[in-house]
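Enquirer: Listed below, chain by chain, are the residues.
Number of protein chains: 2
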Amino acid sequence: MNKLEKYARLLVEVGLNVQKGQTVIIAAPVECAAFARMCASAAYAVGCREVIMDWGDDYLARQKYLHAADEVFDEVPEWRKNFYNGYARQGAGFLRISASDPENLKGVDPDRLRRASIASGAALSEYRNAVTNNGTPWCIASVPIPSWAKRVFPDAKTEQEAMEKLWEKIFAAVRVEDETDPVQLWHEHIKRLSYYRDKLTEYNFKYLHYTNSLGTDLMVELPENHFWAAGSEISKGGIEFVANMPTEEIFSAPKFDGVNGKIVASMPLVKDGNIIDNFYMILKDGKIVEVHAEKGEEILKNAISIDEGASYLGEVALVPYDSPIQNSKTLFYSTLFDENAACHFAFGEAYPMVKGSDEMTPEEQKAHGLNISKTHVDFMIGTADLNIVGITHDGEKIPVFVNGNFAF
Amino acid sequence: MNKLEKYARLLVEVGLNVQKGQTVIIAAPVECAAFARMCASAAYAVGCREVIMDWGDDYLARQKYLHAADEVFDEVPEWRKNFYNGYARQGAGFLRISASDPENLKGVDPDRLRRASIASGAALSEYRNAVTNNGTPWCIASVPIPSWAKRVFPDAKTEQEAMEKLWEKIFAAVRVEDETDPVQLWHEHIKRLSYYRDKLTEYNFKYLHYTNSLGTDLMVELPENHFWAAGSEISKGGIEFVANMPTEEIFSAPKFDGVNGKIVASMPLVKDGNIIDNFYMILKDGKIVEVHAEKGEEILKNAISIDEGASYLGEVALVPYDSPIQNSKTLFYSTLFDENAACHFAFGEAYPMVKGSDEMTPEEQKAHGLNISKTHVDFMIGTADLNIVGITHDGEKIPVFVNGNFAF
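Those protein sequences? They're chains P and G, same order as listed.
Numbering follows our numbering, in which position 3 of the first sequence is assigned residue number 0; successive positions increment by one, without gaps.
Numbering follows our numbering, in which position 17 of the second sequence is assigned residue number 14; successive positions increment by one, without gaps.
Treat the hints as calculated values from the structure; they're not laboratory data.
Hints are supplied without guarantee of correctness; some may be wrong.
If chains are identical, the list can't say which one is meant, so a pair holds when it fits in one copy or spans any two.
Claimed, not checked - When the alpha-carbon atoms are kept at most 30 Å apart in a straight line, the in silico DSSO-like pairs for lysine-lysine are as follows: (1) 292 - 268; (2) 394 - 154; (3) 268 - 233; (4) 371 - 154; (5) 0 - 196; (6) 78 - 17; (7) 17 - 371; (8) 78 - 233; (9) 292 - 203; (10) 281 - 233; (11) 326 - 203.
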């Protein structure tokens, strides 16, 4: 079995954890057909009911945004609602093979993007809720396409060289190696992540205090009854799955109005094909009251202004500095990888990381400290000298990160 | 504009004749994405509302037939019904870029194929009726894929050579040339086909008498009030479109119980990946009472036995021997091309080629001489020395074909 086949099998058996008789939906760009076929074969090999393909194409998506009739962006056709909501209701496994030119939608009318996102958010809410609340197993993973590979490796002499380099970086990031069985490696990896997740939930910190030499000095309050998540999750139907591959982060939500201090980004942020670089933020009672960026400042200011919640934090995520992705020293221009390279925050919508929040209305979630927004944008702040001290409700100080890695 | 772009424009502007504000559905194998994108761009260029892709993949189709759960083949999911029936109801244009390995489904359980075909026939009947009765514009055309190209050119040294050869054959067949505008050539071609179509309908022959040196000697009775079709058609919405590209045939339906004599095939027939070659049939009062084939006789016998109507003829089609496809001396292993190479018949279902048949029940159509069957299989009988004499209701004999070509 070559590395590609190992990777396909990993996504099917660990990522989705496909069950006998279960329907599998594979979303993939047409350029990645060869790999999508391997995933389909791997799903049939474990006895899935049927594989349904949900093909996409960057080129046609861009053409649509540029040239389709204007009313198209406020509509979602009936068949598409049936497709996503129907399969989510059936408990199908959703595998997304994500591969996109980071600049594909650059220059497209942002109002069309916004309206399309609102329309599909409403029409596919049953599907989106199933995914957000783990009603059904899902997994996102990536494979290279030339436009993306050339963006990551602009100095590669040929397209093929860029593609091969990106494949090697991806294989390293997802722990697919020649000699070993990635399924076994992932079981160990998930066990390790679960250890930190459970430990953090147990400590039940009131604050995390971040400091490093870049100038980050931030006090992050955590909500009452918060918990941490990492690695695998359990679907409503009882299937253990891994929603993101790779995944290195252990994450929770901050108390949205309890964050104070200065955050300095440690990596560039790519937003709709634009780069925001060398930036920092000042937060007061949770609100981002100042932002400065050497590059892309206006784009960052717009991003935190799209609604009230966009200027508050919605995610706090811990990633050891010694992770395969950080070690690869590569900017992937893809959140899936880049967010697993380093400790990060997100501004915007919070995941429901407070016990019982599944059952709460948005207003109740907000009252428990969870931020509400239409956006959710990750940005990296982890460095080799990042220290994080946890402060318990009793005022006890416990080292969480020392020099970029877990202290316990 | 290169030949590929000319071809894409031809399919959109003449094949579908896409109108401003009209939705366009493009069905294409993922392997043909580059050409599908050109068609989409051509459709946006004439102001279509939106292009919706309906991607397919031979490999996944085969995997499904081999490995999916058995009940899958009796079902059509709700979203698929909505997709086809919904867009047909809206009057969308349906472009099918057909490219398939002729042997793709070889060895697949024929019962699964049969059940899937019955299930989709029932679930998508609104779409199928729209297409059969020209309720909405549609067009089928082909582009090469390696598996097909290698089948047509088994002696090509490389896959690339086979692909290039097949492209050249297809360009010739669809009148796409370097120097000329194919849209203009097609308008002339359609005019010429319409001339023969109208002339034949006007003659209102009672019989056509076929003879050639291969041994064909057949008297074909035509139904009362039959008419002929060719080239373009007009959709219910008034859009002139060309359903098949290439198209060389002028076709009608025989009186199913009025065909007598011997038909000798002039080219092999490819059925579900199997070849039937050097065959002839004896017909008595329309029924095929004897078949002999040097190769594939059992397959042919099965094909004419799947129901009562399968052993009667449902189509009579005239194609001049001097057609671009016949001149290319190529067996394409694709009905779209091969049926336009030579005069042919089909056994099985008749097109509704009797005036007023749109409004008739199947029983009434049958009473007017139109054959009914679940199958429809074309086979070629045209040769360079084929003669056809038309016999009018008054008994007058008029040469229709002399030495393989139209006599008028």
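Enquirer: Against each hint, give a clear statement of whether it holds in the structure.
Expert: Each hint, compared with the structure:
1. 292 - 268: within (12 Å within a copy, 63 Å between copies)
2. 394 - 154: Close neither inside one copy (52 Å) nor across copies (73 Å); limit 30 Å.
3. 268 - 233: Classified as neither: same-chain Cα gap 33 Å, cross-chain 47 Å, threshold 30 Å.
4. 371 - 154: neither (41 Å within a copy, 57 Å between copies)
5. 0 - 196: neither (34 Å within a copy, 65 Å between copies)
6. 78 - 17: Both: 26 Å inside a chain and 26 Å across chains, each within 30 Å.
7. 17 - 371: This pair counts as neither: shortest intra-copy Cα distance 37 Å, inter-copy 35 Å.
8. 78 - 233: Both, since 21 Å and 29 Å are each at most 30 Å.
9. 292 - 203: Answer is neither; intra-copy 35 Å and inter-copy 82 Å both fail.
10. 281 - 233: neither (38 Å within a copy, 66 Å between copies)
11. 326 - 203: Classified as neither; 33 Å inside a copy, 82 Å across copies.
When held up to the earlier numbered hints, the structure conflicts with 2, 3, 4, 5, 7, 9, 10, 11 and fits the remainder.
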